[in-house]
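Can you make the complete structure from the sequences, with help from the hints?
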Amino acid sequence: MTQEKNNFQGLSVHNLTCERGYRELFTDLSFTLAPGEILHIKGENGAGKTSLLRILAGLALPVSGDVFFDGHNCRNYRSEYNEEIAFMGHKLGIKLELTPVENINSYCQLGSPCTEQQIMNALEQVGLYGFEDMYCNQLSAGQKRRVALAQTLLSQAKLWILDEPFTSLDVIGVDYFLTVIQEHVCNGGMILLTTHQEVNLNNCTTRYLQLPSGKVTH
Amino acid sequence: MYNAFFSLIKRDLRMAFRHKSEILNPLFFFVIVVTLFPLGISPDKHILAEIGPGIIWVAALLAAMLSLDSLFRSDYEDGTLELMLLSEHPLSVLVLAKIIVHWLVTGFPIIVFSPLLGTVMFLNGEAIETLMITLLLGTPILSLIGAIGMALVVALKRGGMLLSLLVLPLYIPVLIFSSNAVGSSMAGLSISGQLYFLAAFLIFCITLAPIATSAALRVSLE
Amino acid sequence: MNAVTKAKTNPVMKFIYHFASPKHFYRISGKLVPWFGWLAVILLIIGSIDGLFVAPVDYQQGDSYRIIFIHVPAAWMSMFIYMVMAVSGAIGLIWKIKLADVVASSSAPIGAAFTFLALVTGAIWGKPMWGAWWVWDARLTAELILLFLYLGFMALEAAIEDPRAAARACAILAIVGVVNIPIIHYSVEWWNTLHQGATVTKFDKPSIHISMLIPLLIMAVGFKLYYAAVVLVRARNKVLYAEQNNRWVKDLVKSGC
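Chains as they are written, first to last, in numbering that gives the first Met the number 0: chain A, 0 to 217; chain L, 0 to 221; chain E, 0 to 256.
Derived by calculation from the structure, the hints in this document are not laboratory data.
Keep in mind it's a predicted model, so treat the numbers as computed, not measured.
Glycine included, C-beta positions come from ideal geometry on N, C-alpha and C.
Keep in mind that a hint or two might mislead.
What the hints assert, rightly or not - Across the chosen pairs, the derived CB separations fall in these ranges:
#1 L:ARG157 <-> E:ILE44: 42 to 48 Å
#2 E:VAL178 <-> L:ARG72: 21 to 27 Å
#3 A:ARG206 <-> L:ASN2: 35 to 41 Å
#4 L:LEU155 <-> E:VAL178: 19 to 25 Å
#5 A:SER11 <-> L:VAL92: 29 to 35 Å
#6 E:LEU239 <-> A:ARG77: 33 to 39 Å
#7 L:SER189 <-> A:HIS89: 53 to 59 Å
#8 L:ARG157 <-> E:PRO33: 39 to 45 Å
#9 E:VAL119 <-> L:ILE202: 34 to 40 Å
#10 L:SER41 <-> E:ILE48: 53 to 59 Å
#11 A:ARG206 <-> E:PRO33: 54 to 60 Å
#12 E:SER210 <-> L:SER41: 52 to 58 Å
Claimed, not checked - Stretches of chain L that chain A covers, calculated by requiring three or more beta carbons in the stretch to come under 8 Å of a beta carbon on chain A:
#13 2-13
#14 106-118
Put into structure tokens, the structure is as follows:
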């Protein structure tokens, strides 16, 4: 995955099948995601949106099918793939006993280490300036979400996988988030997300994947 | 990788010290369980000296097992475990860091307090020394094997009882050799054999348990 | 993971994957079950008659030794089945063969039953030998711990809802167990010699006469075949249940068999 940016091939998914219990959620799902694109995954509750994201993040195994990142099968390059993705699930990965700075720092240590200054900048960017030394159990749900956003910002990952990222964020928080998403995509990043909100971003290619049919529309 | 390993140790230690009960509760439990036996059996010096090594070790075993919940439970619930799985560093190394902290926080205090309990159970000086050595070699094994069991049940809502079913049978060799070593040194016999076994078993567990634990975590988080 | 894609291009593994496909397994195992079952019945009858009536009386233990024809094969099976569970669990983990997971989970209750049988017959044998239903003999104790391992396996399987996750978790547990069994055995035996001194354990026969060995081996083979038959029947049921949404199962149900 050390290829030049200009021939970077993005993410491609081949014939993914996923079961829950003995019930099939979706079968033979295939799609691609090129750099600079957003894929918005849509579907009713229970259609398998979260399951799909967890498979794409490598947290769950599909019954069959493969995920390729830049032409490499992710199963065989787990550590390299993990370097390239940032995942934000229902659980944020925020320790309540730690301050936002400590949280972000320990997150960064799992991937690419970052400086104190970078952390402060990221916190400022998500509107948490002044909260950096409070314990996270004193923060509101939306503020914790913003800490998670700051983590994602610092991850240097190409592909962001966001499961319902706007949950419990207020209007300003959503705005922060959208700005950050737009910036990421404009810099050649890729985003996979599920949300019940409409995402309208100018000058970004947004495509929609409908589950369980697997149809992709613009 | 070393960065990730040490920063995880630092983070977990910091959290443990902000939650002091995590350190103190297993220790209290250990002391209380040992106290129950003289009350339940007899305060007789000879009887207690005879059963003391076994009792102290069984109590240490139970304390180690009951404290396993703090190993992965909160990380599972707040999602940091997912982030660990998605780290570019090998999961088994990160898991080992967590196990080390768990041992420092729950196993180490037990070792520090064990001379006190040895004394109230009428063990002689040599036996107390052996007790501390066996605890030093044995409690890390308990944390390592326990981590595998905990990783298997972490996603289950009522995993506590199940955990003991999975883990206690695997603790048996440690119990046998450790309490026997303490008893033997009480009788003035050589204990090198038992200590060699414990040391070998410890090395064996350090090598393999983190791998089994990380495999179990990947299954549990699916 | 890589093993799966690699294996599927290898002709030998291709054949194995083909045979291990649920549909083929169901068809072939259906033919095998009666063979295993009837052979087991015949061997168990022959072995019992030979063991109970033909084999000579033991000069020390009298007729009461004859329980070894049940006890020893049952104890062998209890170890053997745990090995089968660990090996098939490992196969399921590495090559993602569903059938291996099914075999592991179908084996567990049978193995537990054999372990229980070995314990009960050991206790019954102990009564005339030692004058007590239970003594902390090394092998009996090790067998008891093995029963705990079986119970843990089944409890874990029952606790995890998703069948695939349950199979994989149990496979890890079985492998950890199998690695630990020799260590547990060794430590229990060491513990036992230490506490029992030089008393010869009744289960430890230095040598066995050929006329006793033959029925013992017949019984052992009979037990193995019985296990093979029962595990296949259980596995067939599990395969049907797991594949309930597939065409071939629906056709099978429609055709009424």
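Practice item. With respect to the beta-carbon atoms only, verify the hint that SER41 (chain L) and ILE48 (chain E) lie 53 to 59 Å apart. Key: Holds, since SER41 (chain L) and ILE48 (chain E) (Cβ atoms, about 55 Å apart) stay within the stated range.
Exercise for review: With 54 to 60 Å as the target window, see if ARG206 (chain A) and PRO33 (chain E) comply at their CB atoms.
Suggested key: holds (57 Å)
Review point. For the pair VAL178 (chain E) and ARG72 (chain L), does the Cβ-Cβ distance stay inside 21 to 27 Å?
Key: Holds, at about 26 Å.
Review point. Okay, LEU155 (chain L) versus VAL178 (chain E) on CB: inside 19 to 25 Å?
Key: holds (23 Å)
Check your understanding: Per the hint of 34 to 40 Å, is the separation of the Cβ atoms of VAL119 (chain E) and ILE202 (chain L) within bounds?
Key -> Since VAL119 (chain E) and ILE202 (chain L) have Cβ atoms about 39 Å apart, the given range 34 to 40 Å holds.
Check your understanding: Taking the beta carbons of LEU239 (chain E) and ARG77 (chain A), is their distance inside 33 to 39 Å?
Key -> Cβ of LEU239 (chain E) to Cβ of ARG77 (chain A): about 35 Å, so the range 33 to 39 Å holds.
Exercise for review: Quick one: see if chain A covers the stretch 106-118 of chain L, three-plus residues with Cβ-Cβ under 8 Å.
Suggested key: With 0 residues closer than 8 Å to chain A, the stretch 106-118 of chain L misses the three-residue bar; violated.
Check your understanding: Between SER11 (chain A) and VAL92 (chain L), does the beta-carbon spacing fit 29 to 35 Å?
Key -> holds (31 Å)
Practice item. State, for the Cβ atoms of ARG157 (chain L) and PRO33 (chain E), whether the hinted interval 39 to 45 Å holds or is violated. Key: Hint holds: Cβ distance 42 Å, inside 39 to 45 Å.
Check your understanding: Taking the beta carbons of SER210 (chain E) and SER41 (chain L), is their distance inside 52 to 58 Å?
Key -> holds (53 Å)
Point to revise | Whether the CB-CB distance between ARG206 (chain A) and ASN2 (chain L) falls inside 35 to 41 Å | key: This hint holds: roughly 38 Å between Cβ atoms.
**Study point:** CB-CB spacing for HIS89 (chain A) and SER189 (chain L) relative to the 53 to 59 Å hint
**Key:** holds (57 Å)
In summary, the structure is inconsistent with hint 14 from the numbered list given earlier, while agreeing with all the others.
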